[in-house]
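So the protein lines, in turn, are chains A, B, C, D, E and F. Using our numbering, you'd call the opening residue of the first sequence number 17 and step up by one each time. Using our numbering, you'd call the opening residue of the second sequence number 17 and step up by one each time. Using our numbering, you'd call the opening residue of the third sequence number 17 and step up by one each time. Using our numbering, you'd call the opening residue of the fourth sequence number 17 and step up by one each time. Using our numbering, you'd call the opening residue of the fifth sequence number 17 and step up by one each time. Using our numbering, you'd call the opening residue of the sixth sequence number 17 and step up by one each time.
Hints are not guaranteed to be accurate.
Note: identical chains are not told apart, hence a pair may lie in one copy or across any two.
Under the rule of at most 16 Å between Cα atoms (straight-line distance), these lysine to aspartate or glutamate pairs were calculated in the EDC-like manner [to be verified]:
| hint | residue 1 | residue 2 |
| --- | --- | --- |
| 1 | Lys211 | Asp223 |
| 2 | Lys253 | Glu213 |
| 3 | Lys211 | Glu261 |
| 4 | Lys211 | Asp224 |
The hints are simulated quantities; they were obtained by calculation from the structure and are not laboratory data. Keep in mind that this is a model prediction, so the values were computed, not measured.
6 protein chains.
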Amino acid sequence: MRASEMTWQEYRDCIATSIIFLPVGAMEQHGPHLPLSVDMILPARMSELAAEQVGGIVLPTIPYGYKSQPTSGGGQRFPGTTSLNGNTLINVVLDILRETYRHGGRRFVVYNGHYENAMFLTEAIDLFVSAAPDARVMLLDETLLISDEMLDELFADCGFPGWDLEHAAVIETSLMQYFAPELVREDRIVDGQIKREMPYAIFPPPDDVIPESGVLYKATFASREKGEKYVKHVLPKIVEVVRRELGV
Amino acid sequence: MRASEMTWQEYRDCIATSIIFLPVGAMEQHGPHLPLSVDMILPARMSELAAEQVGGIVLPTIPYGYKSQPTSGGGQRFPGTTSLNGNTLINVVLDILRETYRHGGRRFVVYNGHYENAMFLTEAIDLFVSAAPDARVMLLDETLLISDEMLDELFADCGFPGWDLEHAAVIETSLMQYFAPELVREDRIVDGQIKREMPYAIFPPPDDVIPESGVLYKATFASREKGEKYVKHVLPKIVEVVRRELGV
Amino acid sequence: MRASEMTWQEYRDCIATSIIFLPVGAMEQHGPHLPLSVDMILPARMSELAAEQVGGIVLPTIPYGYKSQPTSGGGQRFPGTTSLNGNTLINVVLDILRETYRHGGRRFVVYNGHYENAMFLTEAIDLFVSAAPDARVMLLDETLLISDEMLDELFADCGFPGWDLEHAAVIETSLMQYFAPELVREDRIVDGQIKREMPYAIFPPPDDVIPESGVLYKATFASREKGEKYVKHVLPKIVEVVRRELGV
Amino acid sequence: MRASEMTWQEYRDCIATSIIFLPVGAMEQHGPHLPLSVDMILPARMSELAAEQVGGIVLPTIPYGYKSQPTSGGGQRFPGTTSLNGNTLINVVLDILRETYRHGGRRFVVYNGHYENAMFLTEAIDLFVSAAPDARVMLLDETLLISDEMLDELFADCGFPGWDLEHAAVIETSLMQYFAPELVREDRIVDGQIKREMPYAIFPPPDDVIPESGVLYKATFASREKGEKYVKHVLPKIVEVVRRELGV
Amino acid sequence: MRASEMTWQEYRDCIATSIIFLPVGAMEQHGPHLPLSVDMILPARMSELAAEQVGGIVLPTIPYGYKSQPTSGGGQRFPGTTSLNGNTLINVVLDILRETYRHGGRRFVVYNGHYENAMFLTEAIDLFVSAAPDARVMLLDETLLISDEMLDELFADCGFPGWDLEHAAVIETSLMQYFAPELVREDRIVDGQIKREMPYAIFPPPDDVIPESGVLYKATFASREKGEKYVKHVLPKIVEVVRRELGV
Amino acid sequence: MRASEMTWQEYRDCIATSIIFLPVGAMEQHGPHLPLSVDMILPARMSELAAEQVGGIVLPTIPYGYKSQPTSGGGQRFPGTTSLNGNTLINVVLDILRETYRHGGRRFVVYNGHYENAMFLTEAIDLFVSAAPDARVMLLDETLLISDEMLDELFADCGFPGWDLEHAAVIETSLMQYFAPELVREDRIVDGQIKREMPYAIFPPPDDVIPESGVLYKATFASREKGEKYVKHVLPKIVEVVRRELGV
């Protein structure tokens, strides 16, 4: 299922008929309790779980993504947030899609694990399909598949702040507790908040919009159970939309 | 106030002390009743109104923007939607900011009139400020400043569908009726809707998610009065945030 | 006729059969009496007049062009002269031509309103047609169509200095008096001259080749009548060459 | 030690004083018995072992590298060999070095796990240091540190063919048996050979220089013991040169 | 004087104090009687003659230039006309200027031997000096220094057609007879002419504007004597302007 | 045989059927006794000799190449070493191949005269053939064709140090004595050596790995006879592999 673990012969025998997942992550601060790799781990694990069910294969995760924005990830000022320029990210994704297409791949899920990547992935995919008319690509960020009921349930105790503020907070912490508990510093989980609302962007960002801890909302409300609940809720939805759109 | 109408001496005498607005638009379908220039006209007019109040100057609008997406603008398949590649847009904006900085400009509002431009503007501005440490740039899309109360009022009769679906619909039509009624085909205003929800993107887009008319929501609920109300509501907010953040 | 004012359906119905004009301008100083937008206004207005007669449509003017040169526009040192790098301009024009071709457009007039743009437009068009073999593009700068007789007439009182020095001078001032008199500061019209001849270029330009006012020749000899005469002389010629070469 | 597993605070506290390892790999065929990830795993593991001893930290491995060449990796024709264009790889590495420098990093080891990457890494590093005069970067490929004596020992039974032909063969297989035995298909280990010598390159490559299995030399002579011997031989050498050149 | 023939020590000892000539040519058809290298040979020879007199050094000629245009060089359709894209040429020149500046060079003459190169050289130089404020660069095309009297004399027998049409014609043939007579096919010298005037450009170029022979004017009026006269006329002028502007 | 000396008609008549040699050189220090043009002259002369025998034609040498590395050419710190960025070199070669292909050329030998160019030439050729499926390109560096016996003979007196250290040393000096003795400063021939072994690269390079003279090995062992012997040995081999692979 992981392309990286296949031999070339195994890859050859399944690439044309499989759904190909390309997880795209980021190296980005996630508060004092989570590692810089949250946005690499989550799309990789979700892709693997989905690929298992739809007979897909998963390409190696792109570990570096686009620049973090203050109101969705704390911004570039945090040490460790290590980002690519927009055009670099476009070209990395474009090259990988073209190569996999050259090998026979036709149906792709670009699985985005870092909100700020989205438009650069869009551009890469658009440039790709314009020269590969028989390819079909889904750009997926599973947060958009979560139902309102599930949001109500997951945030019953603290309220849902919107997905942009859900950085290093309830869902990401819960998912890391579920997928990679050994990487969660349980004793350093804190609640954070964005210091003031800013429905626009300022460059360079003013100090007072950057949360000190890097956590944008209430991470202490996270739990492994919420992580599991989230995955069990969204995985069938992913499988369903992939099947529907990519014809498996 | 319009830089394009100034002589170089007039420009010279105010550039260092003025807030400089750069409207960025798009050439994009807006249904059977609105012209392709909606996203050029609105940010230009809003910039002018705001510049009047903060002593700003307005650069010529960039009339071509990033590619339209099916669920926020109908997508690239509509004739007339004429877009730049992402990297081209980044470079256009970057060059203009650098030139204006070279002339002495330090405080900028990049006024975005086309949702899909946002991340490419972000990248251009980020590249710009990283080499212009004493510049300060606001990236502004005024829809984010509208209060919930105003939304309730403007959409009292038809319900607010979310900003992405508000394409060629209530607000854009109302604003065009207010700012440029001669360009609105009153007899061709229709309600549209996105044919099915798609909380992800598919490339190339399936036919059945593209609204036939190009209108994503209910344009018949538009009125010049709503346009005026919207402007009178949001203009003081723009003035306030510009003053606060750019220190006028 | 203006694509920007069409709906997508109107655009769709005429794009394949129309001559498509793309005016390319510049934001550039034009002396103490003319606005920075001269090179945007003139190609736009000329394109519209020509399009009217050949059944053409006019795309939105590209308002920013290539860098001004000292001996043809005063150079980059004037505040307000806001230019694109060469490669940026190439890509902007290339993207727009490709998009319009995708919509069905096949016959183009790239109407250049700023001398320094020419070779970058040439490159953009060359790259475009090399991948669009059934497209046909004219690159037009109407000054080259003016007959010697008309030059004699227009410059009877002051002598023709060559087109490169005709910057912010007789013709441009006359045309602005004709097309946009409200933007001409009549009381600030001055004669200028290049301080010394320099049949080569020096970078950075020496101070003593840059005319203080930005006017390279005698603007006081301009008149609305000369503007009208120029337009009435050249418009039929434009129509003729467009018809001949693009087969209307 | 793995930057990806650190929190931003942990990263912040050590980045300025640590040697920073950036492993650069490739997704490339490695015969019927090894996974496509050999060139990701080996530089990552070696970097970790070295970092442990010099107090270094290891950035996430770049999993995609430059195009495989027929005589050193079998070439691009094998399914699964998924490569970046040269300029893309340059920009990825350049962006990451710049970001880490921005965070305070000054001493780098770019650890190359894929022969064909070398010159593109050279270019990225050269562009980086030319604007970061107080940075110091080592570009390392540990095969060059192996002593002749060790080569004699490791290849006592089959002879050393040169490093370029050592693809998916004795050393790589032995190292994978040592580091990741679960990914080695022991029952499919074969000897291969390049079909004919070609001391030049032909594009596209002739069929008869591409080894059918993807193995360029004798993989059956590999053993976990040789892998361990190799690592124990070279690791102290790596530590020594890193200490000497980067001043730890 | 030729940098290519110096050792690095000789180069080192003079680079900072010398005028540095960079000839930029083209590989372009020049009729049935002249070789493809005319535009390489002429700027190289002229640069050498000038360098001799001002104590300059001459860098290796860039042998490939920008695309030939129908009305100034016959256009790209002639076999042998082998051109660079605009952006490639910009980067080649920019890299060379930066490198020579890094070595200590401060005063440059970019000697253009191919009309169509001019604006791309302008862009390269502009980008260069914007980051090298103490450099000074002259962009020189010696045809612009020829006096009207000399033109009258050289074209007494056939009339001066303008510099653009002077392609593979009187001057270029005469200069080749003077500088490299062994490369002139005396028995194939022909007069040519552009078939019809076209004061605009068409892409792709219509067949009937491309002169069959590639000669745009009357080559039979050429002579070695005219070549010598031209050189003796213009060389002192070159020396004078170089001395005046670059302060030797 | 030299394309630069052909007329367009001569070029036209042979381009489709000839082997086309493109020599790629460098401007690089070669010690106190050799000119900066060694890497231009050698591939050009060798190409000409080979072309003579296989009925080939030789394009103008690209005189600037990729950056010199300390352990193979002394590095960039020597005055006179004037290099292109990697991506610039890629584009120059790509443009030239595409143009020659457009003229009908199908069989190419890219003759590399500068070790450090190799991977950038590889990339250019790879990009070229991927869009020119009926082209066939050999990338050739003749040092790889020298037999061990010949090496033994040529280095009988001083020992073969490996090709990377053979910079400005025995072979290059001998070849220059053979091909261009007028450019060899016989009285300044020295032996050099790299000061210490460095089986990795450091950026910026430490002073103590850069040989003072720029000579990496023993140039005093050079002789015109060795040059002649080398050429007579390798030329038939070149002719043989070109014939075999490019089907002449």
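Hints violated by the structure (listed by number, smallest first): none
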